[in-house]
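Trainee: Chain A is fixed; fit chain B onto it per the hints.
Protein chains: 2
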Amino acid sequence: MLMQDFLDGARSVCGADFVVEGPAIEPRYLEPARYAAGCAAALVRPATSAQIAELVKLCALHGLTLVPQGAHTGLVQAATPQDASRQVLLATERLREVFDFDPLDRTLRVSAGFKLSEVNERLAEHGLWFPIDLSADPSIGGMLAHNTGGTRMLRYGDVRANTLALEAVLAEPAGQVLKLGRGLQKDNAGLALQHLLIGSSGSLAVITEATLKLHPLPRQQAAALVAPASLDAVMPLYRRVMAGELAGLVSAFEGLSRPALQAALHARGDEGRLFDGQLPEYALLVELSSELPAASLDLNALLQQWLEAEFESGAVVDAVLGADESCWSLRHGISEGLREQGKVIGFDLSLPRRHFMRFREQAAAWLAREFPAARVADFGHLGDGGMHWNLVWPKSEVALSNDQMARLRSGVYAICVELGGSFSAEHGVGPSLQASYREHTASAVLELSGRIEAVFNPQVLLGLTRFGPA
Amino acid sequence: MLMQDFLDGARSVCGADFVVEGPAIEPRYLEPARYAAGCAAALVRPATSAQIAELVKLCALHGLTLVPQGAHTGLVQAATPQDASRQVLLATERLREVFDFDPLDRTLRVSAGFKLSEVNERLAEHGLWFPIDLSADPSIGGMLAHNTGGTRMLRYGDVRANTLALEAVLAEPAGQVLKLGRGLQKDNAGLALQHLLIGSSGSLAVITEATLKLHPLPRQQAAALVAPASLDAVMPLYRRVMAGELAGLVSAFEGLSRPALQAALHARGDEGRLFDGQLPEYALLVELSSELPAASLDLNALLQQWLEAEFESGAVVDAVLGADESCWSLRHGISEGLREQGKVIGFDLSLPRRHFMRFREQAAAWLAREFPAARVADFGHLGDGGMHWNLVWPKSEVALSNDQMARLRSGVYAICVELGGSFSAEHGVGPSLQASYREHTASAVLELSGRIEAVFNPQVLLGLTRFGPA
Chain A
6 MLMQDFLDGA RSVCGADFVV EGPAIEPRYL EPARYAAGCA AALVRPATSA QIAELVKLCA
66 LHGLTLVPQG AHTGLVQAAT PQDASRQVLL ATERLREVFD FDPLDRTLRV SAGFKLSEVN
126 ERLAEHGLWF PIDLSADPSI GGMLAHNTGG TRMLRYGDVR ANTLALEAVL AEPAGQVLKL
186 GRGLQKDNAG LALQHLLIGS SGSLAVITEA TLKLHPLPRQ QAAALVAPAS LDAVMPLYRR
246 VMAGELAGLV SAFEGLSRPA LQAALHARGD EGRLFDGQLP EYALLVELSS ELPAASLDLN
306 ALLQQWLEAE FESGAVVDAV LGADESCWSL RHGISEGLRE QGKVIGFDLS LPRRHFMRFR
366 EQAAAWLARE FPAARVADFG HLGDGGMHWN LVWPKSEVAL SNDQMARLRS GVYAICVELG
426 GSFSAEHGVG PSLQASYREH TASAVLELSG RIEAVFNPQV LLGLTRFGPA
Chain B
6 MLMQDFLDGA RSVCGADFVV EGPAIEPRYL EPARYAAGCA AALVRPATSA QIAELVKLCA
66 LHGLTLVPQG AHTGLVQAAT PQDASRQVLL ATERLREVFD FDPLDRTLRV SAGFKLSEVN
126 ERLAEHGLWF PIDLSADPSI GGMLAHNTGG TRMLRYGDVR ANTLALEAVL AEPAGQVLKL
186 GRGLQKDNAG LALQHLLIGS SGSLAVITEA TLKLHPLPRQ QAAALVAPAS LDAVMPLYRR
246 VMAGELAGLV SAFEGLSRPA LQAALHARGD EGRLFDGQLP EYALLVELSS ELPAASLDLN
306 ALLQQWLEAE FESGAVVDAV LGADESCWSL RHGISEGLRE QGKVIGFDLS LPRRHFMRFR
366 EQAAAWLARE FPAARVADFG HLGDGGMHWN LVWPKSEVAL SNDQMARLRS GVYAICVELG
426 GSFSAEHGVG PSLQASYREH TASAVLELSG RIEAVFNPQV LLGLTRFGPA
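First to last, the sequence lines map onto chains A and B. Take 6 as the starting number for the first sequence in our numbering and just add one per residue. Take 6 as the starting number for the second sequence in our numbering and just add one per residue.
Don't take every hint at face value.
Given that identical chains are not distinguished, each listed pair holds provided it fits within a single copy or across any two copies.
Said to hold, decoys possible - In silico SDA-like pairs for lysine to any residue, Cα to Cα no more than 20 Å straight-line:
hint: 1; residue 1: K62; residue 2: V182
hint: 2; residue 1: K184; residue 2: L424
hint: 3; residue 1: K218; residue 2: Y161
hint: 4; residue 1: K184; residue 2: R443
hint: 5; residue 1: K348; residue 2: E402
hint: 6; residue 1: K218; residue 2: R114
hint: 7; residue 1: K62; residue 2: S122
hint: 8; residue 1: K184; residue 2: A447
hint: 9; residue 1: K218; residue 2: R165
hint: 10; residue 1: K184; residue 2: T446
hint: 11; residue 1: K120; residue 2: K400
hint: 12; residue 1: K218; residue 2: G416
Hints listed in this document are in silico derivations from the structure and should not be mistaken for laboratory results.
Same shape as in the complex, but just chain A (with noise of 0.2 Å):
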């Protein structure tokens, strides 16, 4: 058989401990967050980008598919297999070989199999960190197939803003390692294939390496929760404090719609008592934060004076200042709280700013008039135009079928594009938004993206996510 030379083959080149049959893998590397379980040929956990290279030569070899997993924290199904026959997952959680930290030029050159808080917690003792700031704990291999942003994305960049050099595994030639970029800041001696790599979610090579850049750890930090007086006013309050005095300091701009609000306050028992129970239509998170010690550059008094004019001018009716735990825990309370309602269906959105208050319309509008039961609770990284227009489906409600789930997807997408955003700010393309992808990309980025996926994959030897045309 087939697939018993290529598991006597893997067992030689990772050991036997590491390879693993079908039936026999644990729970967590077939179980995504939001999707239903995958299954998968056998699971292989090599330790280094030379096993890699022996794998995808395997895989090249017997024609299976392998599929690359860092923490299984994606919410695209970009990482979990679904062909018990032909396809082979990859985790790379045993890439650990090297980190190494260079304090002069503030990189880190690490493996792909660490996760963030991993490499947070290393950095801290010097002062410095990752500056991508998520509520899940992804591998930085992951990381870096999907491009990740998360809430300090205005200020910080996203993954790909800080990565300095790639090494990756290719299909083609099978098994080749390379090397792209030197880990320089400043550098342009030749085609950036490495930014091709990133946010290709796993499908056109398996990175296994990166060099990173790091930014120094903020001294002091100050939040408020913020009631705007209207809806209106929400946008005129972020171009004030963006183009501002303040542009430099804020590090997180949140937006909470009331009904997210609300979960998350019920969650942890809390109702009635914020803004005095009067909660806004859709409430701001403000974070300002500052290598600068307190004693240089007070952060609390700037942010509340800034929160005063805007009280004066009329544009903010209430605030709470100085709470960053709360504020944040409330934040990250939100998907916790929502669940308790139903089941959640998680959009991953960005919009140009001048349309985000009309997406929320015509999407709510569209919803309330094709399914009039779900409830919509949408938060997200205003600052950087992104917006998780989340919705729950209550519990008392018949569940959705698999076609009115696509349905309405698909209605919320299109509203979206139709208003110039994107159907996948954050999480990057994989199966659960093949459909989508294909649907809204021009037919010659199509194209052209074909003929760049046939030059890295052209055996269909890597990855769940396609794209080229159907």
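Mentor: Showing chain B alone in chain A's frame:
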């Protein structure tokens, strides 16, 4: 004649006034800053992407090569055609249709023909800028083709980090106009093809438009010209300022070797006054900037405190503070000062900071042995690892032959690359770096780059840089 057919076709596309035959082309289109003049069969000056699309088709039909040119300020010969029979110069200067400023998103959609200075003049009234800071005044298209860096990169990032979308015309299919990206800050809904075009030296596609990320103009700046106690004191100074309390404020950290400083001082008749005539071996220009007004944060005071502390600790022996204008005019006067002494041989290198000083030592030693008449007068963007390791070949010496020049360049590049550096930090690759590119790029990367190039430019219809193996 083929050429006559092309000219007729081009005239009907662009209008007769905007097509010029080879001998009648104005010198500025053919005379690059640092190299001998080129030549072309014709110059075409289209005004729209649609016209460029037609010109690409005409070139495909007649087997001609199109060489895109912005403001012709590049330093790697990428925009200077060299063949009077088969190369057509495509000036993008008339691409000025689009100037679409979005104050809420702080983005600018702009045609490739606008110059950087024009963009920033128009944005100033809105308190914003495109923060790429250069001595030259390139076009937006040229900046994208070479992923320009500049002096403030350590604060704002390079062109890539500040580009959200592109429009480009493809060579394959000939004349296909492509929109890549939606101009959103957060968007991961496909392959990042736009990032492959950025820095591709005009050889993968003709960039016709970009959506740029804008930043607030600083409300204050403070600068100092600093004399470190020794060469060994330089990197620790850099490390302390970049990991310390001022980290978020540093907008430039430039290095100036004594000969570079002397040349600039001589050019402005100012010798003997700076640092009481005691010029350090390597001076530093440190600049802070902030969106906050001085009433909230006094940058001059902060810079002075820092310098005093470093003076106390013995790392700094002298500093001229608060003289922004004079600091920068000195920095920008170096090139002129060097030209007075002889022929300037420019290098645009970048190095890991731990090898920055070692490179200066090793390269100077090699030069003293191999080309003793050459004088080193380096300066550069120490803050981001960039180094303009410039040499002067004195007027009194016999000019270097092409072979000697090639040997000199190749010797310097070899030392730089051996130390983990790049032979092209911010100028990109072009014909002048073609041989170095092939010499210092791993064969697997050359192969892959060649396969990518074959997707975009299979008939070698575009540009003068080749990214594949020889």
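Trainee: Next step is simple, just say for each hint if it's right about the structure.
Mentor: These are the hints, each one checked on the structure:
1. Taking the shortest alpha-carbon separations for K62 and V182, only the intra-copy value of 12 Å comes in at or below 20 Å, while the best inter-copy value is 38 Å.
2. In the homo-oligomer, the alpha carbons of K184 and L424 lie at most 20 Å apart only across protomers (16 Å), although the nearest pairing inside one protomer, at 39 Å, exceeds that limit.
3. With identical chains, the CA atoms of K218 and Y161 are at most 20 Å apart both within one copy (10 Å) and between copies (13 Å).
4. Proximity of K184 and R443 under a CA criterion of 20 Å is satisfied inter-copy only: 15 Å between copies versus 31 Å inside one chain copy.
5. For the homomeric pair K348 and E402, the shortest alpha-carbon distance inside one copy (10 Å) is at most 20 Å, but the shortest distance between copies (80 Å) is not.
6. Only within a single protomer do K218 and R114 lie at most 20 Å apart by alpha-carbon distance; the minimum there is 9 Å, versus 28 Å between protomers.
7. Taking the closest pair of Cα atoms, K62 and S122 never come within 20 Å of each other, the shortest separation being 32 Å inside a single copy and 52 Å across copies.
8. Taking CA atoms no more than 20 Å apart as the test, K184 paired with A447 passes between copies only; the shortest distance there is 8 Å, against 32 Å inside one copy.
9. In the homo-oligomer, the alpha carbons of K218 and R165 lie at most 20 Å apart both inside one protomer (10 Å) and across protomers (15 Å), since each shortest distance falls under that limit.
10. In this assembly of identical chains, K184 and T446 lie within 20 Å of each other by CA distance solely across copies; the values are 10 Å between and 30 Å within a copy.
11. With identical chains, the CA atoms of K120 and K400 are never at most 20 Å apart, being 34 Å at best within one copy and 58 Å at best between copies.
12. Taking the closest pair of Cα atoms, K218 and G416 never come within 20 Å of each other, the shortest separation being 39 Å inside a single copy and 30 Å across copies.
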